[in-house]
Amino acid sequence: MTDLIALMGDLEAYLGDPWDPTGPMPYPRILDLDERQEYPHEFVDVLAGWGLYDWIVPAANGGKAVHVEDGFNLYRLVGRRDPTSATAMVLTSLSYMPVWIAGSPDQRQHFADAIRAGRKLAWGLSERGHGSDILANETTARRTEGGWLLNGEKWTIGNATVAAAVMVFARTSEKAGPGGYSIFAVEKDGIPEEQLAHLRDEPLHGLRGLDMSGVRLTDCFVPDSALVGRVGQGLEVALKSSQLARIAISSIAMSCVDTALRSTLDFASGRVIFGGTVLEVPYSQRQLAESFAELLIADALTTGAVRSLQLAPAQASIWSSVVKYFVPTLLEETLARLTTVLGARYYLRAHPRHGIFQKVLRDFAISNFADGNTVVNLKNIALQLPALLANAVAQEPGPVTEAVAATGRLFDPAHPMNPYEPAAQQLFSRGGDDSVLALRSAVAELRRAADSAEGREAGWLAGCAETAGLLADEVHRLADEHAKLVAEQGRRAGQSAELYDLAKQYAAVSAAAACVHLYLRGRDSFAPALRSPAVLLLCLERLLRRFHPTRWTTGPADIEAVAEVMADAHRAGRLFSFRPFQVSW
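The sequence shown: position 260 = 260 (the UniProt record's numbering), numbered continuously.
In case anyone wonders, no lab produced these hints; they're calculated from the structure. Honestly, I wouldn't trust all of these hints.
Only pairs whose alpha carbons sit at most 16 Å apart, straight line, appear in this in silico EDC-like list of lysine to aspartate or glutamate [what the hints assert, rightly or not]: (1) K484 with D501; (2) K379 with E498; (3) K64 with D3; (4) K484 with E498; (5) K379 with D501; (6) K64 with E421; (7) K188 with D219; (8) K175 with E138; (9) K64 with D113; (10) K64 with D54; (11) K504 with E333; (12) K379 with D133; (13) K504 with E481; (14) K188 with E153.
Whenever a hint applies, use it, and build me the whole structure from the sequences.
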């Protein structure tokens, strides 16, 4: 297995202090490019020079991508500095996914070589008139001698203009339906302008320098060798590609909040008002500690989700949608809280110390709608909710025992994994969600730990067990409410707003389960200070209050303990993560 901590340290050392204007990727230069809305070619080149692209190319094709969590966490480091550069590079990674899943050996090698040589890729999926409704897409591909003729327009496509090749999702059948679409690798070199035209770059609210444009295809000829996978396999490949994409985009969201929290802590620890620092004000201290806890909730949930792509590919559908809905939704609230602590300074752009906060605040928004918006992901959870709830409530001994064992693999970073095979991912989980299924067993384990502990730790663990138990009880309430909804609305329940609300609540329970499992199974991998059950208690309180807004499980002493863990991580230069990843700032 990769020594991920050492690998992350190597990349961070290569990039150096982000506040050093002479460094390879400094904040002043990042903000300058953002102001001028310029694509970050120089930073992409710097990162490619270190070898970052190798971590998105399969090892079998000359890269180093064996475990998804390696690339995921490396991009967290990049996103802390510049979400635009991170997104630009992630786009190439995600555009390679259709080839990795369904491409021929020659296609896999060809595009792996292209990426490692610095060529960019784009994923031509969305269209102006249809957005997330990809089965309504109108771009067509019809057979002709020796290949295909493509006609249509792909719009708001990341990297569309700068890319050397665009993977185009196109209709290959007159009949509507899932089997009517295919994917083509359109390499621009040699294609006449009258066949492939670039659409204008769209000005963006955040990620201002990103190439977000499109292509117009007019009888654009591509050879038979451009077809990726089988004719009619396009939807399956696109959906499997989206499972990694939905999890990967959360790394950008977490990076933005890491930088925002770090900026706010710098301000709060140095700003003196009313005779003390902002950090010493109890209300502000709680706001910061809660923000820290929410970032750790996202860290726990994504840890399980990233590893599930390899260890539980049959559950990738539910894991990816839960992450894609919950992480951006939760962290958007976190950012709003940090703006309250930072005050008017979050609105400033000229000073780098505050300008970088304002930039990540704008850049963060991409995580809400890219690669499937909130509604799309809630719909995917909602469609699978009946089986998920039935299995979680049943608590049959065999499946529960298997789920407990599975959480030991999913949430222990030291547990080995086979190399990533994205084609093994399934489109529906069929009621499988090991994390939620094993939650009650984990609560019992917390109770046993509390009984054998002493002092403050015993109290914190008892609080964790009680709070986690209350969250586990929500599964039964959700099952009852779902049954009532179906009884009252019949078929209409499947499209009801109430069902989507139940899906939101299920995602919160899933996040709670991830926090508990990571504490129990992966605690040995934590930075020592983060092993305190006070941290877990605050994480669980933040989730419980999504169900019971006035319910408190922590007091001032607990918040002070977590605030000290947070401050220690900042002083020691560690990423705001359970694992001890070193950062320059």
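How the hints compare with the structure:
{"no.": "1", "hint": "K484 with D501", "in the structure": "holds, 14 Å"}
{"no.": "2", "hint": "K379 with E498", "in the structure": "holds, 12 Å"}
{"no.": "3", "hint": "K64 with D3", "in the structure": "holds, 13 Å"}
{"no.": "4", "hint": "K484 with E498", "in the structure": "holds, 11 Å"}
{"no.": "5", "hint": "K379 with D501", "in the structure": "holds, 10 Å"}
{"no.": "6", "hint": "K64 with E421", "in the structure": "holds, 14 Å"}
{"no.": "7", "hint": "K188 with D219", "in the structure": "holds, 14 Å"}
{"no.": "8", "hint": "K175 with E138", "in the structure": "holds, 12 Å"}
{"no.": "9", "hint": "K64 with D113", "in the structure": "holds, 13 Å"}
{"no.": "10", "hint": "K64 with D54", "in the structure": "holds, 5 Å"}
{"no.": "11", "hint": "K504 with E333", "in the structure": "holds, 15 Å"}
{"no.": "12", "hint": "K379 with D133", "in the structure": "holds, 12 Å"}
{"no.": "13", "hint": "K504 with E481", "in the structure": "holds, 13 Å"}
{"no.": "14", "hint": "K188 with E153", "in the structure": "holds, 15 Å"}
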